[in-house]
Structure formats: structure tokens, C-alpha cells
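Protein chains in written order, with our numbering: chain A, 1 to 387; chain B, 1 to 159.
Keep in mind that the hints were calculated from the coordinates and are not lab data.
Note that the coordinates shown come from a computational prediction; the quantities given were computed from them, not determined experimentally.
Glycine included, every Cβ here is placed at the ideal spot set by N, Cα and C.
Each hint should be verified, as a subset may be incorrect.
[To be verified] Among the chain A residues that face chain B by a calculated CB cut under 10 Å, a handful are:
no. : residue
1   : Tyr79
2   : Val303
3   : Asp304
4   : Gly305
5   : Arg379
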Amino acid sequence: MNMSEMISPTIKGIPPSGIRKFFDLVNEMKDAISLSIGEPDFVTPWNVREAGIYSLEKGHTHYSPNAGFMELRVEICKYLSRKYNVDYNPKNQVIVTVGGSEAIDIALRSLVSPGDEVIIPEPSYVSYKPCAILAGAKPVTLNLRVEDEFRLTPELLEKAITPKTKVLILPFPNNPTGAIMTKEDLDKIVDVLKDKNIVVLSDEIYAELTYGGKHISIASYPEMKDKTLMINGFSKSYAMTGWRLGYTCGHPDLIAAMYKIHQYAIMCSPTTAQYAAVEALKNSDSDIQMMNREYNRRRRVMVDGFRKIGLDCFEPLGAFYVFPCIKSTGLNSEQFCERLLSEEKVAIIPGTAFGECGEGFIRACYAYSTENIIEALKRVGKFVNSL
Amino acid sequence: MEEILELLENNSKLSEEQIAVMLGKTVEEVHETIKKFEDENVILGYNTLINWEKTGKEDVTALIELKVTPQRGEGFDKVAERIYRYPQVKACYLMSGGFDITVIVEGKTMKQVALFVAQKLAPLEHVLSTATHFVLKKYKDKGTIFEEKTKDDREAIIL
Ligand SMILES: Cc1ncc(COP(=O)(O)O)c(C=O)c1O
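From just these sequences and the hints, can you work out the full model?
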């Protein structure tokens, strides 16, 4: 049997992640330094790890309820109410998922029928498009623009909407650009959406990582609440990527549909992680604050560094990425990153990994120690000057 | 501007330029603020945390509990002063609870420290009793874990 012929054409049609492709190179290189990883460098706060360990000591090693422990769902709802002013019912409006990743997948599968259009603003996180395709949707990419600081504008949105539009992905604070949506930005988007039958899939996984102002959730607009599915999680806010825990909240009917997929395909999220997450929600506000302040300082170091090198860099106010423009070097994104890696041994991700409109940009992550960032910037400077 | 203090407390090697960038301030503002903190004795010094054990230097540290009779009008302060002026005394705290003063003493040998206690601390007027505890191993000091791995072992690349 030729196994390759057995693979579904849909899967064959999905390219492997552009990031992965590029970074097989890095793994072979011993002394490369990196600004490429998309996860916190902090270790999960000790009280949270300790709660996980304690749950294991007590022998809590079984399945949890499908939607997650009630205590955790209650804490999630309290947190969302306290931080973002959105109220959900823990009984029928929350599912604890295996990361935000699972939530993206099961949301799209629950909503989309063949031919439905899913609007995906780009540059953005790499999994929306494949998940939309796997769900049978027609992904419609919407190119965000550096002139708008990569925010979604009502004009761009109106242009992308057709009678077939079923879902809008709203990925802010954004990976890879670091862009955020302020209240004023959201007001205009809400005006466009409020009378339309379009579900907003709001990926707010970086909600705790905004600098200067608080994150605003589109779900906090009463006219949008029922149309919005909020996706959030513990990976970035509490430095818990490896625990694999996220959650999603929204209209009870949509949650009930997603619950079916979650129940049959996943069963439940990791039990140990759920115990740890309860502790995180109850007692880790000060850790979140500490990490936020540290990221903010590194962010300033990085923006300042790229600007001093002579690369245009709009001020990113969210997540932990900066997205400088490298057009002035005459190289395209892949060339820039490949040469930077081979000549100066610094790994940065080409903007094109996040959509074609990422051409001319690179994504540098500042979830690294300041020393690492300063050394990497020094090398980037040397490289740019040598061109 | 408290944040400057937090930064320097963790890393006193940061330059004024670096701090300015990190906090989004001008170098002059940072310079002035640090100078003010120094003048007001808010910043008392710029120490380095050293794991002497790794250098092969054999030092001993002891924590000594003192019970003291407080003095009319000056409480424990006068006795404390007579103690903390010794250079061997690295730290000296007034305590609540079962005893009154904690003294952290460093010396070359246990004998040296024991003699210091016997000859200098115990005979002090108003000192009622001493209890000496030697430190066997330092796990963490000044917020820093001594044997912590600092290597970044994240996967080189995830999505
Ligand atoms: C925008 C965005 N959404 C979702 C995820 C998935 O995170 P997790 O599955 O760890 O919650 C990531 C991870 O990088 C991300 O950047």
C-alpha cells in the first residue's frame, strides 16, 4: 500500500507551518540565539506548580467532568467578570479546553458548513486558516496594514464581508504583530457587526499582556455578547504553555455544540492542570503583574533597539512580539531571516509565516532575558550594517 | 520611580541608559532620580551576591539569638548598636517572639565565631542569653536560588 495515497487530499493541501519549515535549520545550529519562540520564558509561578503537585499527591489522577471542574469554571467566570466585565454562566457557557488551540478547532467545526466563509485578518497566528479549512470553510484572508498599526478597520472589514460570511476571527492582542484594538477601534467594528449574522471568534489569549491600557473584550459590548465566542487560556497569561489548558465562553447553544465535539474527541482537559489553574485564578494576580511589567521593559528595549538599527517599527502594545519592517534592507523576509541565521546566528521568524501580507516584516519575540535580547539586537545591527 | 529601585535591586549593573530605555524615561530623569535616592540614603550601596562556596573559600555563617533586657528610654537600640558595629556582624535585627535580637555573624571557622559570641556578645551588659546556630548550606539568599538552572531549555521552535 502506498500510504501517501491514502492521505486525505484536504490534509495534503494544507502546507506545514512556515515557522517549522524555517526552524529545522535552527535546531542544527548549536550556538544560535533566538527571538523566535512564541511562549513565555517565565516558569509557571510556584504556588501554581505546587497546587498541581499537591493534586497528584492526593491522587487526583482521573478524568474530570467533560466541561472541566465546576470549581474551575466558576473561577474562570469570576475572573472574566472582574477583569473584562463580561458575565458568563459557569453551568452552560464555559468549556475548559486543551489550550486555546482546541477551542479554535472545535469552534470552527461547530459553526462552519461547506462553503461558509471565515474571515481571517492577517498577519495572524498560524492555526486559524488550517482549522478553517479542516472544518470545510472557505478562508477569506483580510490583509491588515502597517499604516493602521495592524488594527482591524471597519473599511477593511466591510470589504471582506459577503452573504456567505459565517465567522470573523478577531485575533487581538495579536500574534505576530503585537497590535491591539482600543475601545475606539472596537466601537467601529461593533457598528459594522451588530446587525449581521456573523459569529466573532475572539482569540484573547494575550489579554493579560497589554501595555499602557487594559485589554477590552468585544464580548463586553452587550449587543455583541451573544454573537461572540471568547477564547482564552492559561498559556500566556500564567506562563503555563506546557499544561495545555484554555477555555472558551459564549452563547449556550454554541457551547452545547462545541461540547459534543469536545466530549467525543477530547473527553476532558488535563486534570492536574485544572487543579493548578484554580490556584492561578485565585492567587496569582501579583505574578501576572510582575510578568507584565517585565515584558513591558523588554518591549521598550526591543523597539528602541530595532529603531536604532534603522528598521521601522511601530509601537506594539500587546502580546510579546514586535514586528519591524525590513523593506529598507532590500531583502525579503525569508532572505533576511535565513541570512541573519547563517551569518549572525540569530533566529527570527519571517513575517510571511503569518500570511502573505507579512512580507517585508519579521516577528521578534521578547519573551527572553534582557541579556539575550541585547545580544541578539547587537547581532541584528551588525548584520543590517553589513548589507 | 519606585521601579528604578526594583530594577537596581535585581541588577545593580544596569546602566542609566538601559534603565531609561526600559522605563521609557530620559537618561537625565533616571540620573537625577538615582542621585536623589543615593543622597537620601534610599540606595545604600551596590552589592554583589556571591556564592563563596564555589570559590573554595571556607567561611562559616551563624545565626545567633539573643535575649536582652531593654533599657529605660532607649529600648534595645543601644545594645543593638554595640553589636552591629562589629564588622563580623553582617546583619542585626530586632525581633518579635521568643527572643529579642537576631545577629548574623560570619567568620573563618566555627571556633572563631564561637569565640566571638563567647567573648563579645555573651558578656555584654543586658544580654541575658545567646543561642548560636551554624548555617550548613545556603539554598537561597537575597531572593536568589543558589543552584538554579538558568539555561533556556525551551524547544527552539513551536508554531
Ligand atoms: C494567538 C494565539 N492563539 C492561540 C494560541 C494557542 O495557545 P494554547 O493552545 O497554548 O492556549 C497561541 C499560541 O501561540 C496564539 O499565539
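Hints, one by one, checked against the model:
1. Tyr79: violated, 26 Å
2. Val303: holds, 9 Å
3. Asp304: Cβ of aspartate 304/A sits 5 Å from chain B, so the hint holds.
4. Gly305: This interface hint holds because 8 Å falls under the 10 Å limit.
5. Arg379: Constraint on arginine 379/A not satisfied, violated at 16 Å.
Hints 1, 5, counting from the list given before, are not met by this structure.
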